[in-house]
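Asks: Sequence:
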Amino acid sequence: MRKVLPGFSTSSIRQDPPPIGLIAGWGSFPVEVAEHVIASGRRVCCIAITDHASTELESLCDHVKWSGVGKIGAHIRYFRRHGIRQVTMAGKLFKSELLFQGSVWIKHCPDWTAIRTFGPCLLGNRPDSRDDSLLLAVTDTYARHSLTICPATDFAPELLVDQGHLIGTPLTKKQSRDAEFGWQVAKQMGGMDIGQSITIKDGTVLAVEAVEGTDECIARTGTLCRRGGWTLVKVSKPNQDMRFDVPTIGPQTVTRVAENGGTAIVIEADKTILVEREETFRLAKQHGITIVALAQPQAIAAAA
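Using our numbering, the first residue of the sequence shown is number -10, and each one after it goes up by one.
Among the hints, a few may not be true.
[As the list claims (entries may be wrong)] Label-pair ranges, simulated between beta-carbon atoms:
{"id": "1", "residue 1": "D5", "residue 2": "R216", "range": "57 to 65 Å"}
{"id": "2", "residue 1": "D51", "residue 2": "K274", "range": "19 to 27 Å"}
{"id": "3", "residue 1": "S29", "residue 2": "E205", "range": "32 to 40 Å"}
{"id": "4", "residue 1": "D40", "residue 2": "T212", "range": "21 to 29 Å"}
{"id": "5", "residue 1": "D259", "residue 2": "D182", "range": "17 to 25 Å"}
{"id": "6", "residue 1": "G30", "residue 2": "A63", "range": "34 to 42 Å"}
It is worth saying that the hints were derived from the structure and are not from the lab.
Every residue, glycine too, gets a C-beta built ideally from N, C-alpha and C.
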(Lines of atoms letter the chains of each structure in order from A and count residues from 1; the text may use other names and numbers.)
(Lines give C-alpha, C1' and ligand atoms only; values in the text may rest on other atoms or scores of the structure.)
Protein backbone atom coordinates (compact mmCIF):
# COMPACT_ATOMS: atom_id res chain seq x y z
CA MET A 1 0.00 0.00 0.00
CA ARG A 2 1.26 3.46 -0.91
CA LYS A 3 2.05 5.67 2.11
CA VAL A 4 0.73 9.22 2.25
CA LEU A 5 2.71 11.76 4.24
CA PRO A 6 0.86 13.43 7.14
CA GLY A 7 -0.88 16.63 6.11
CA PHE A 8 -0.53 15.77 2.43
CA SER A 9 -3.47 14.75 0.30
CA THR A 10 -3.07 13.17 -3.13
CA SER A 11 -6.29 14.92 -4.13
CA SER A 12 -4.47 18.24 -3.80
CA ILE A 13 -2.13 17.45 -6.69
CA ARG A 14 -3.12 19.71 -9.56
CA GLN A 15 -2.94 18.22 -13.00
CA ASP A 16 -2.56 20.75 -15.76
CA PRO A 17 -5.10 20.30 -18.55
CA PRO A 18 -3.67 18.97 -21.81
CA PRO A 19 -2.61 21.58 -24.36
CA ILE A 20 -4.86 22.63 -27.20
CA GLY A 21 -3.79 21.79 -30.73
CA LEU A 22 -3.98 24.63 -33.24
CA ILE A 23 -3.84 24.32 -37.03
CA ALA A 24 -2.94 27.84 -38.11
CA GLY A 25 -3.54 29.33 -41.53
CA TRP A 26 -3.08 32.89 -42.77
CA GLY A 27 -4.07 36.03 -40.88
CA SER A 28 -4.30 37.30 -37.31
CA PHE A 29 -7.17 35.00 -36.33
CA PRO A 30 -4.87 32.10 -35.29
CA VAL A 31 -2.74 34.51 -33.25
CA GLU A 32 -5.77 35.84 -31.39
CA VAL A 33 -7.05 32.30 -30.75
CA ALA A 34 -3.66 31.31 -29.31
CA GLU A 35 -3.65 34.41 -27.10
CA HIS A 36 -7.11 33.61 -25.74
CA VAL A 37 -6.23 29.96 -25.05
CA ILE A 38 -3.04 30.96 -23.23
CA ALA A 39 -4.90 33.61 -21.22
CA SER A 40 -7.28 30.88 -20.02
CA GLY A 41 -4.37 28.91 -18.60
CA ARG A 42 -4.04 26.33 -21.36
CA ARG A 43 -0.96 25.67 -23.47
CA VAL A 44 -0.93 25.62 -27.27
CA CYS A 45 0.92 23.30 -29.64
CA CYS A 46 0.63 24.52 -33.19
CA ILE A 47 0.81 23.15 -36.70
CA ALA A 48 1.68 26.30 -38.66
CA ILE A 49 0.83 25.94 -42.34
CA THR A 50 3.80 26.77 -44.57
CA ASP A 51 3.55 30.11 -46.43
CA HIS A 52 0.36 30.92 -44.55
CA ALA A 53 0.75 31.17 -40.76
CA SER A 54 2.30 34.09 -38.88
CA THR A 55 5.76 33.69 -37.35
CA GLU A 56 4.32 35.49 -34.30
CA LEU A 57 2.93 32.11 -33.24
CA GLU A 58 6.45 30.92 -32.45
CA SER A 59 6.70 33.35 -29.53
CA LEU A 60 3.22 32.47 -28.21
CA CYS A 61 2.87 28.71 -28.43
CA ASP A 62 4.63 26.05 -26.38
CA HIS A 63 5.70 24.39 -29.59
CA VAL A 64 5.28 25.11 -33.30
CA LYS A 65 5.78 22.73 -36.21
CA TRP A 66 5.81 24.22 -39.71
CA SER A 67 4.19 21.88 -42.18
CA GLY A 68 2.43 21.60 -45.52
CA VAL A 69 -1.35 21.43 -45.43
CA GLY A 70 -1.37 17.94 -46.93
CA LYS A 71 0.68 16.28 -44.19
CA ILE A 72 -2.36 15.08 -42.24
CA GLY A 73 -0.69 11.93 -40.92
CA ALA A 74 2.26 13.96 -39.62
CA HIS A 75 -0.11 16.45 -38.01
CA ILE A 76 -1.98 13.70 -36.19
CA ARG A 77 1.25 12.12 -34.93
CA TYR A 78 2.46 15.54 -33.74
CA PHE A 79 -0.69 16.23 -31.75
CA ARG A 80 -0.80 12.77 -30.19
CA ARG A 81 2.89 13.01 -29.25
CA HIS A 82 2.12 16.20 -27.34
CA GLY A 83 -0.80 14.64 -25.47
CA ILE A 84 -3.43 16.69 -27.26
CA ARG A 85 -7.08 15.67 -27.37
CA GLN A 86 -8.73 18.80 -28.73
CA VAL A 87 -7.68 20.52 -31.94
CA THR A 88 -8.98 23.70 -33.51
CA MET A 89 -8.50 25.33 -36.90
CA ALA A 90 -8.07 29.06 -37.46
CA GLY A 91 -6.97 31.19 -40.37
CA LYS A 92 -7.33 31.22 -44.10
CA LEU A 93 -5.96 28.79 -46.66
CA PHE A 94 -5.42 30.09 -50.17
CA LYS A 95 -7.42 27.34 -51.80
CA SER A 96 -7.01 28.54 -55.38
CA GLU A 97 -3.23 28.33 -55.04
CA LEU A 98 -3.24 25.02 -53.17
CA LEU A 99 -5.52 23.27 -55.65
CA PHE A 100 -4.61 24.78 -58.98
CA GLN A 101 -0.95 25.89 -58.86
CA GLY A 102 1.36 22.90 -59.08
CA SER A 103 4.50 24.68 -57.89
CA VAL A 104 2.75 25.71 -54.66
CA TRP A 105 1.29 22.24 -54.12
CA ILE A 106 4.78 20.71 -54.02
CA LYS A 107 5.29 22.21 -50.54
CA HIS A 108 1.95 20.83 -49.39
CA CYS A 109 2.14 17.41 -51.05
CA PRO A 110 -0.26 14.99 -49.30
CA ASP A 111 1.00 12.08 -47.27
CA TRP A 112 -0.68 8.67 -47.32
CA THR A 113 -3.12 9.63 -44.58
CA ALA A 114 -4.20 12.66 -46.60
CA ILE A 115 -4.57 10.57 -49.75
CA ARG A 116 -6.82 8.13 -47.89
CA THR A 117 -8.73 11.05 -46.37
CA PHE A 118 -9.31 13.03 -49.54
CA GLY A 119 -9.40 10.15 -52.02
CA PRO A 120 -13.15 9.48 -51.75
CA CYS A 121 -13.84 13.22 -52.24
CA LEU A 122 -11.42 13.99 -55.06
CA LEU A 123 -11.07 10.72 -56.93
CA GLY A 124 -14.61 9.34 -56.89
CA ASN A 125 -17.10 9.22 -59.74
CA ARG A 126 -18.27 12.71 -58.76
CA PRO A 127 -15.21 14.64 -57.51
CA ASP A 128 -16.08 17.06 -54.71
CA SER A 129 -13.49 19.62 -53.58
CA ARG A 130 -15.91 21.87 -51.69
CA ASP A 131 -14.61 23.18 -48.38
CA ASP A 132 -17.17 21.41 -46.21
CA SER A 133 -16.63 18.05 -47.90
CA LEU A 134 -12.84 18.18 -47.49
CA LEU A 135 -12.89 19.50 -43.94
CA LEU A 136 -15.49 16.99 -42.77
CA ALA A 137 -13.26 14.25 -44.17
CA VAL A 138 -10.36 15.64 -42.14
CA THR A 139 -12.56 15.76 -39.04
CA ASP A 140 -13.49 12.09 -39.49
CA THR A 141 -9.84 11.08 -39.87
CA TYR A 142 -8.89 12.97 -36.70
CA ALA A 143 -11.77 11.33 -34.81
CA ARG A 144 -10.47 7.88 -35.76
CA HIS A 145 -7.27 8.84 -33.96
CA SER A 146 -9.10 10.08 -30.83
CA LEU A 147 -8.66 13.75 -31.71
CA THR A 148 -11.66 16.07 -31.59
CA ILE A 149 -11.77 19.15 -33.81
CA CYS A 150 -13.53 21.96 -31.95
CA PRO A 151 -14.70 25.43 -33.04
CA ALA A 152 -12.06 28.09 -32.45
CA THR A 153 -14.83 30.21 -30.97
CA ASP A 154 -15.11 27.70 -28.11
CA PHE A 155 -11.76 29.07 -26.94
CA ALA A 156 -12.20 32.68 -28.08
CA PRO A 157 -15.94 33.47 -27.99
CA GLU A 158 -15.17 37.19 -27.62
CA LEU A 159 -14.16 37.28 -31.28
CA LEU A 160 -17.74 36.71 -32.43
CA VAL A 161 -19.62 39.90 -33.28
CA ASP A 162 -22.74 40.87 -31.32
CA GLN A 163 -25.75 42.28 -33.10
CA GLY A 164 -25.78 46.03 -33.57
CA HIS A 165 -24.59 49.07 -35.46
CA LEU A 166 -20.84 48.79 -34.91
CA ILE A 167 -19.50 51.97 -36.48
CA GLY A 168 -20.21 54.60 -39.11
CA THR A 169 -23.29 56.44 -40.29
CA PRO A 170 -26.64 54.61 -40.35
CA LEU A 171 -27.46 52.65 -43.48
CA THR A 172 -29.50 54.59 -46.00
CA LYS A 173 -32.77 53.15 -47.27
CA LYS A 174 -31.03 52.11 -50.49
CA GLN A 175 -28.23 50.42 -48.57
CA SER A 176 -30.78 48.67 -46.37
CA ARG A 177 -32.61 47.28 -49.41
CA ASP A 178 -29.32 46.24 -50.96
CA ALA A 179 -28.24 44.54 -47.75
CA GLU A 180 -31.51 42.63 -47.40
CA PHE A 181 -31.40 41.35 -50.97
CA GLY A 182 -27.67 40.72 -50.78
CA TRP A 183 -28.18 38.70 -47.60
CA GLN A 184 -30.58 36.36 -49.39
CA VAL A 185 -28.19 35.91 -52.32
CA ALA A 186 -25.19 35.29 -50.05
CA LYS A 187 -27.14 32.70 -48.05
CA GLN A 188 -28.00 30.84 -51.24
CA MET A 189 -24.37 30.91 -52.37
CA GLY A 190 -23.29 29.66 -48.95
CA GLY A 191 -25.86 26.87 -49.08
CA MET A 192 -24.12 25.58 -52.20
CA ASP A 193 -20.70 25.99 -50.50
CA ILE A 194 -19.61 28.51 -53.13
CA GLY A 195 -18.71 31.52 -50.98
CA GLN A 196 -19.76 33.76 -48.11
CA SER A 197 -19.65 37.26 -49.61
CA ILE A 198 -21.39 39.28 -52.28
CA THR A 199 -21.16 42.93 -53.26
CA ILE A 200 -24.21 44.89 -54.32
CA LYS A 201 -25.36 48.36 -55.35
CA ASP A 202 -28.84 49.63 -56.25
CA GLY A 203 -30.23 46.10 -56.28
CA THR A 204 -27.58 44.81 -58.68
CA VAL A 205 -25.24 42.07 -57.50
CA LEU A 206 -21.77 43.15 -58.60
CA ALA A 207 -19.63 40.18 -57.56
CA VAL A 208 -19.98 36.85 -55.80
CA GLU A 209 -17.13 35.31 -53.84
CA ALA A 210 -15.94 31.94 -55.09
CA VAL A 211 -12.63 30.11 -54.76
CA GLU A 212 -10.61 33.35 -55.00
CA GLY A 213 -11.77 34.63 -51.59
CA THR A 214 -13.32 37.84 -50.27
CA ASP A 215 -10.37 40.14 -51.01
CA GLU A 216 -10.36 39.28 -54.71
CA CYS A 217 -14.15 39.55 -54.83
CA ILE A 218 -13.81 43.09 -53.45
CA ALA A 219 -11.06 43.96 -55.94
CA ARG A 220 -13.21 42.72 -58.82
CA THR A 221 -16.04 44.91 -57.57
CA GLY A 222 -13.80 47.97 -57.68
CA THR A 223 -13.13 47.29 -61.36
CA LEU A 224 -16.79 46.72 -62.18
CA CYS A 225 -18.21 49.65 -60.21
CA ARG A 226 -15.82 52.57 -60.50
CA ARG A 227 -18.45 54.98 -59.15
CA GLY A 228 -18.23 53.24 -55.78
CA GLY A 229 -20.93 53.41 -53.13
CA TRP A 230 -21.49 49.67 -52.97
CA THR A 231 -22.09 47.35 -49.99
CA LEU A 232 -20.29 44.16 -48.97
CA VAL A 233 -22.54 41.50 -47.43
CA LYS A 234 -20.79 38.60 -45.68
CA VAL A 235 -22.80 35.87 -43.93
CA SER A 236 -22.47 32.32 -42.68
CA LYS A 237 -23.73 29.29 -44.53
CA PRO A 238 -27.34 28.28 -43.75
CA ASN A 239 -26.10 25.32 -41.69
CA GLN A 240 -22.73 26.75 -40.71
CA ASP A 241 -20.36 24.31 -39.04
CA MET A 242 -18.56 26.56 -36.58
CA ARG A 243 -15.51 24.30 -36.60
CA PHE A 244 -14.26 25.67 -39.88
CA ASP A 245 -14.65 28.33 -42.56
CA VAL A 246 -16.42 30.80 -40.26
CA PRO A 247 -16.92 34.25 -41.87
CA THR A 248 -14.17 36.64 -40.75
CA ILE A 249 -13.49 40.32 -41.24
CA GLY A 250 -10.73 42.60 -39.99
CA PRO A 251 -8.54 45.56 -40.89
CA GLN A 252 -7.66 44.16 -44.31
CA THR A 253 -11.35 43.78 -45.19
CA VAL A 254 -12.03 47.43 -44.34
CA THR A 255 -8.96 48.60 -46.25
CA ARG A 256 -9.89 46.61 -49.35
CA VAL A 257 -13.48 47.88 -49.28
CA ALA A 258 -12.28 51.49 -48.94
CA GLU A 259 -9.68 51.13 -51.70
CA ASN A 260 -12.30 49.83 -54.10
CA GLY A 261 -15.07 52.33 -53.42
CA GLY A 262 -17.29 50.46 -50.96
CA THR A 263 -19.13 52.35 -48.23
CA ALA A 264 -20.76 49.68 -46.04
CA ILE A 265 -20.11 46.20 -44.66
CA VAL A 266 -23.04 44.09 -43.43
CA ILE A 267 -22.16 40.93 -41.49
CA GLU A 268 -24.04 38.25 -39.59
CA ALA A 269 -24.13 38.65 -35.81
CA ASP A 270 -23.02 35.69 -33.65
CA LYS A 271 -21.69 33.91 -36.76
CA THR A 272 -18.90 36.29 -37.86
CA ILE A 273 -15.43 36.67 -36.37
CA LEU A 274 -13.98 40.16 -36.03
CA VAL A 275 -10.19 40.20 -35.64
CA GLU A 276 -8.10 43.16 -34.51
CA ARG A 277 -11.28 44.91 -33.44
CA GLU A 278 -9.81 48.27 -32.43
CA GLU A 279 -7.76 48.60 -35.62
CA THR A 280 -10.75 47.56 -37.72
CA PHE A 281 -12.93 50.27 -36.19
CA ARG A 282 -10.15 52.85 -36.48
CA LEU A 283 -9.80 52.18 -40.20
CA ALA A 284 -13.57 52.14 -40.71
CA LYS A 285 -13.85 55.55 -39.07
CA GLN A 286 -10.90 56.88 -41.08
CA HIS A 287 -12.39 55.75 -44.40
CA GLY A 288 -16.05 56.43 -43.60
CA ILE A 289 -17.08 52.77 -43.77
CA THR A 290 -20.26 51.70 -41.98
CA ILE A 291 -20.22 48.25 -40.33
CA VAL A 292 -23.48 46.65 -39.20
CA ALA A 293 -23.96 43.19 -37.61
CA LEU A 294 -27.40 41.63 -37.94
CA ALA A 295 -28.96 38.38 -36.77
CA GLN A 296 -31.42 38.24 -39.67
CA PRO A 297 -32.26 40.36 -42.71
CA GLN A 298 -35.50 41.60 -41.14
CA ALA A 299 -33.37 43.54 -38.65
CA ILE A 300 -31.86 45.65 -41.42
CA ALA A 301 -34.71 48.14 -41.48
CA ALA A 302 -34.36 48.68 -37.74
CA ALA A 303 -30.63 49.31 -38.13
CA ALA A 304 -31.13 51.87 -40.89
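Asks: Please go over all the hints and tell whether each is borne out by the structure.
Replies: Okay, the hints, checked on the actual structure:
no.: 1; hint: D5 x R216: 57 to 65 Å; verdict: holds (58 Å)
no.: 2; hint: D51 x K274: 19 to 27 Å; verdict: violated (38 Å)
no.: 3; hint: S29 x E205: 32 to 40 Å; verdict: holds (35 Å)
no.: 4; hint: D40 x T212: 21 to 29 Å; verdict: holds (27 Å)
no.: 5; hint: D259 x D182: 17 to 25 Å; verdict: holds (21 Å)
no.: 6; hint: G30 x A63: 34 to 42 Å; verdict: violated (28 Å)
In summary, the structure is inconsistent with hints 2, 6 from the numbered list given earlier, while agreeing with the others.
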